[in-house]
Each structure stands twice: as structure tokens, then as C-alpha cells.
Amino acid sequence: MYQNYITGQTSLTLNLDFSVPENHLINVISTFVDSIPDDVMLETTSDTGRPAYHPAMMLKILLFAYSRRVFSGRKIERMLEENLPMMILAENRKMSYHTINNFRSSDHANEVIKKCFVYFTSLLEDEGLIRESAVFIDGTKIEADANKYTFVWSKAVEKYHDKLKKDAVSLYDELINKEVIKAMAEEEVQTSQGLEILAQETEKEIKKITKEIEEEPKVIPGGSKNKVKRRGLKKILHKLQKDLIPRAKKYEEAEKIFDGRNSYSKTDHEATFMHMKEDHMRNGQLKPGYNIQAATTNQYVVDFALFPNPTDFRTLEPFLEQMKSRGILDKFHNIVADAGYGSEYNYSILEENYSDKDYQIPYTLYEKEQTRKYKKDPSKIANWYYNEEDDYYIDKSGVRFNFKYYSQRKDRTTGMVRDFKIYEADEFQLTEELTKLAKTKTGRQRQIHYNPNWQYLKEKAKETLQSEDGKRIYGCRKTDVEPIFGHMKSVFGMRRTHLRSKKKVETDIGIMFMMMNLSKYGAKRKVKPLNYYSKKQKTEKFTAKMNFSVFLSGIKA
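Residue 478 in our numbering sits at position 442 of the sequence shown, with consecutive numbering throughout.
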């Protein structure tokens, strides 16, 4: 038996139900976005022209589109025509993809999405969803929406700029010898502005010589010296205008874009080339990208930031400052991160600026120092004998090291001055064998460099991590912050940014993280189906009957 089927039959189906379930994601998105005050959501608009769409509506549309792995403005425009939940969010209005992309790329959208995290963190605090009063920090690298092969390297620019400066100085000397220009500072000559002055003065001199040539007789025995001079100046002017000045401007602009970085992409100047985990060719190819730093609690993202440097330890200080300025850090007592952030500089910053907080951040060798092999390693200073009164060390071989002098080193990356105590092996030891062991292969006395401040900070971090609270809180890190990056890239399909320039990428990432927060928040508060309690009662009755029958069979036995 089959249902009636007639090819070409016309039918009219009228569906008057244009609602969605109460536990649908769009209800969670609408409730949260509508809770943000209008003075935060709205911006000053023009009094003329067509009224703009409300930012709350635009934000709702983008959040729902990202939840369905739709990132293209054209595809979002199509969803507004075909997707029922999207039509409900947009109140059945049609928008051009230009409107959607313009809002997503605007500075106002960037400000709104950042403030959303402040309100969401307050929501988590009100509902008691903050885990262990701790904020968990970690980072990941994401590929930028930029060409992989349009790269600019700082070392290459520096190399060719130095050559150009030498050419500019030699050209300046030539013009001085020809008495074309007046004396200038060498530093001024090496800039594009200085080269433009040289070109202007050379052009004036050429015009002056041209007038002199016009006044000369047509035939001059041996040729005109002015024509020879003008020919040489024209070559210099051509080199200045067509070669040196354009290149000088290009190099100076590139140095401004670098801003302390090693590289940038021509199609996204704020993206830096770095190693990515997705290396399909397995050749260590560098790709343009951003370093995303995220702070989470209970797998909710409470704040995030973008940085150009691929390593994490230099991002902790500015990221904590950002969280503090937004009032987010005040809601947490514990700061938790992995060993990538554990350094003397970061520990010092935490001790000085965040003394009211506890931090569970191991240093690089923390796990290794707990092993039996490390504790028995005779080459490690931690395993040597130390006499505190006379301030000397004795290694496992019996060589004595006495304090020699203090030393300081300046860290090039952070600018921090580190203090060291230098210990040197005595020239004469107890035995001839020890005297030989006290020297290096080159015949110098052996030395050890000890950093008291770093050692103190390491011991404090170790004590915190080995306490009961420290173990419990740090043990939550892997299940709290790391899964969000996996969800972002694998579940929601964001392995690459969809906008260019740091500010726009921040908006892009912010929408993704906020959508993930609302999806998780809504999933935990789903309304149970109407027949849930009846099913539950039937299950309880069945379980009670089974238990009673088992009880009776036991009595009969």
C-alpha cells in the first residue's frame, strides 16, 4: 500500500505557525542582547538619509548566523529570506549584504561586542557560574584572511634601506662637490624628505643651467661645459625621482607598519607570519595570522584579545591590564595559565600589580623538576650543597664555588633588568683532582650564575601549585580553557578569520566567542518537554515494581 500520489497535482498548504520552540537559540540571543542598555548599544547617527537598522538587531543576526557556520555576508542575506529563525530575529526585514558587512566592519560593532563580554561576565556572577573564582587564560593562533605569499620581512627591509641610505649619502656628496646644494645633516639626507629637497635643488640648478645654455652661441669650440653638467644633473634627478625617493618612502612606511614585528602581510598589514598547527605540507611554512588570547571560566569566554607575537608569555601583562580596565578581573581571585606564561617578568608583574590575586602558573621546568631523574642529576645547582653562612656551593664532585661578584643583564624582549650572583670555583681545591675539575676545557675557572629573585618566585609558584587548592584549581585548566579553541575551529568551523585588520578581526572573533557562550548557556537551560514528568513518573513506578518483585522472590526463597 502506498499513499495517493498524482504527478502534477496542485495543492495549497497554509501554515499559520511561525514560532520556534521556547528553548531555541534565538530566544537566548534575543534575551541577552535586549538586556544590554540602549546607551551602550546605540551610537550617534546622522539626522539625514535613511534610518539605520538597530545595532541590536544586526548583532542578533550575526550571532545566529555564526552559530550555523555562516560567515559570508551574501549567505547571511540569503538566510534572511529563507531561514525562519533568522526572519523572526530580523522581524521579516530584508537587508543587503553591504549593510551586514558594513556593520560588522564598523568601529561601533567592535565596541559593542567588547562590552557584551562585560555584561555576560556579570550574568555568570549573578547566576553563580564562575568556576573556583578562577579565570583560565590560554592562547591559540588563527590564520588571517590574507595572501600567504605577499610577505614583507623586517630584516630584508632593513638590509635594503641601509644600502639606499649609503647611495643617498654618496649622491649628496656628489651634489656638494658640484656646488648644487648647501650642506645638510647626514641623517636628514637619508630620509625621503631629505631626498626630495635634493631633487628640488637639482631641478632648480637644471633650469638655471638651461637658461645659460640658451644665451650661449650655437657653436662652441670643444663643446658646451654647461650641457655636460646639465646632462649629469639630469641623470641624478632621474635617479632621485624614479628610484631613491619612491624606495625610501616604501621602506619608511614598511618600518612604521612593522612596529616591532618581524613581518607583515601586504594584504593584511596587521597580520604577522607565524607557525601554525595546521601544517599540511609538513615543511614548517609560515602563514599570516593572529595570536588569540582568551580568558574563560566554566568554559565561558569572559574576555579575549589579539596579539601579533606568536609566543604567549609577552601577552599576559597587556591582557590582564585590559581585563582590569573593563572591570572583569575584579570578579576573579585566581589567575590560572600554563607554563608558556611562567617567566620571571610575568611573576614580577603579578607580584607588583596583582598582589590581591593568587596565581597558579607553572614555570617551564616545573614538571621536569618533579622527576626522579632531575633530582638525581649532579649537574643541577638545586642538588648541590649550599652553605648559607659563608655563601658558597659544593657540587657533587666536591668542587667548591665561592661568591665572586654581582652582575646584571637586560632582557631584550621585555626590557627587564635581571640581577645575578656569580660564583666561581676556587683556584686551589682540596686535591689536585678537584683543582682540575674546577677548570673548564679552555683552562678557565668554572662559574655558576644564580638569580635570587627568580629562585624566590619559582619557589613561591611551586608552593602554590603543590597546595591542595592549587592542585584542584590548576587541574581544571585543561577542561576549561582548551576545549573552547577546539569548539571554535572544529565544531563551529572557524579556522580562519573572515575580515582584515586587527580591529575587524577582533569583532569577528568576538562574535564567535559570544555565540559560543550563548549556545552553551542556552543548552544548559533548555526547557524540558511537556511529557518529561509523565515519563519520569512511569519510569519510577516501573522501577518500584521491579524492586518489589525482587523482594518477594527473596522471601519465597
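These are calculated hints, taken from the structure and not from any lab test.
Don't take each hint at face value.
[Claimed, not checked] Using C-beta positions, here's what the derived DEER-type ranges look like:
no. : residue 1 : residue 2 : range
1   : 489       : 237       : 51 to 59 Å
2   : 134       : 75        : 25 to 33 Å
3   : 508       : 487       : 24 to 32 Å
All residues carry an ideal CB built from backbone N, CA and C; glycine is no exception.
Going down the list of hints, with the structure as the test:
no. : hint                  : verdict
1   : 489 - 237: 51 to 59 Å : holds (57 Å)
2   : 134 - 75: 25 to 33 Å  : holds (27 Å)
3   : 508 - 487: 24 to 32 Å : holds (30 Å)
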